[in-house]
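Per the working numbering, the sequence shown runs over residues 10 to 205.
Rather than coming from a laboratory, the hints here were simulated on the basis of the structure. You may find that some hints are simply not true.
What the hints assert, rightly or not - Here are the in silico distance ranges between beta carbons for each label pair:
no., residue 1, residue 2, range
1, Asp145, Asp103, 32 to 40 Å
2, Lys133, Pro157, 29 to 37 Å
3, Ser167, Gln47, 35 to 43 Å
4, Ser179, Gln49, 27 to 35 Å
5, Arg119, Lys195, 36 to 44 Å
As the list claims (entries may be wrong) - Distance condition first, Cα-Cα at most 30 Å in a straight line; then the derived DSBU-like pairs of lysine-lysine:
no., residue 1, residue 2
6, Lys164, Lys187
7, Lys142, Lys187
8, Lys195, Lys133
9, Lys187, Lys104
10, Lys142, Lys42
11, Lys104, Lys164
12, Lys195, Lys142
13, Lys142, Lys164
14, Lys133, Lys187
15, Lys133, Lys42
Think of the CB as a built atom: it goes at the ideal place given N, C-alpha and C, for glycine as much as any other residue.
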Amino acid sequence: MLVPELGVALLNIPKCGSSTVRQCLQFHVERQKVTPVQGQYVNHLTLSELKETAQQDGFNIDNMRVVAVVRNPIDRLLSNLNFLFADRFSYSLDKCMSLALSDDLSDEHRNLRPMSSFLDADIKGLELFPFEKIIDAVRSFGYSGIVPCLNKSRKRFSVEQLELYIDDISSFYRDDFKIYNVALAKKEIEYVRQAS
10 MLVPELGVAL
20 LNIPKCGSST
30 VRQCLQFHVE
40 RQKVTPVQGQ
50 YVNHLTLSEL
60 KETAQQDGFN
70 IDNMRVVAVV
80 RNPIDRLLSN
90 LNFLFADRFS
100 YSLDKCMSLA
110 LSDDLSDEHR
120 NLRPMSSFLD
130 ADIKGLELFP
140 FEKIIDAVRS
150 FGYSGIVPCL
160 NKSRKRFSVE
170 QLELYIDDIS
180 SFYRDDFKIY
190 NVALAKKEIE
200 YVRQAS
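Let the hints inform the model, and build the full structure from the sequences given.
So this is what it looks like as structure tokens:
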């Protein structure tokens, strides 16, 4: 979502709470009586795609705050598996994990791409919020209302079932763990400073 009048762009990384953040930004935009740029900005674009699309529309996101939420890779993977495969009981967990840990994903399984693949460009105004601090992400652009929980996954798989695959998950999502831990540490440092 791109809101030039507020100087905010939202990077929608799948299964990281981006629908919740987008809805809060939409509520805030309506309250502020400003108009977001229409088009593909609500899709799961990579950072470079977001930047290129904005430039084509005459906007430079290097001059905006780009807000994104990142999530613990195991929690994100579990949410993805439950979102994509809850209704496909013919897919065994082995088959689902084979798809999830593949570098060759179809568009249908695009959500499974690592978070790091969405963070494929340098943007000076990029602000990463850990999923646990999603309320702080929406407060950062001025939204002060209730933050809805838009969980669209049904429970089929559990975190315990992923234990068997933990080494493969850790290896495949290595960069995602780094990104998440940096965002988590950065926000915790900021909260310690604010509390002082």
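Hints, one by one, checked against the model:
{"no.": "1", "hint": "Asp145 to Asp103: 32 to 40 Å", "verdict": "holds (38 Å)"}
{"no.": "2", "hint": "Lys133 to Pro157: 29 to 37 Å", "verdict": "holds (31 Å)"}
{"no.": "3", "hint": "Ser167 to Gln47: 35 to 43 Å", "verdict": "holds (39 Å)"}
{"no.": "4", "hint": "Ser179 to Gln49: 27 to 35 Å", "verdict": "holds (33 Å)"}
{"no.": "5", "hint": "Arg119 to Lys195: 36 to 44 Å", "verdict": "violated (27 Å)"}
{"no.": "6", "hint": "Lys164 to Lys187", "verdict": "holds (27 Å)"}
{"no.": "7", "hint": "Lys142 to Lys187", "verdict": "holds (17 Å)"}
{"no.": "8", "hint": "Lys195 to Lys133", "verdict": "holds (16 Å)"}
{"no.": "9", "hint": "Lys187 to Lys104", "verdict": "holds (26 Å)"}
{"no.": "10", "hint": "Lys142 to Lys42", "verdict": "holds (26 Å)"}
{"no.": "11", "hint": "Lys104 to Lys164", "verdict": "holds (17 Å)"}
{"no.": "12", "hint": "Lys195 to Lys142", "verdict": "holds (11 Å)"}
{"no.": "13", "hint": "Lys142 to Lys164", "verdict": "holds (23 Å)"}
{"no.": "14", "hint": "Lys133 to Lys187", "verdict": "holds (19 Å)"}
{"no.": "15", "hint": "Lys133 to Lys42", "verdict": "holds (27 Å)"}
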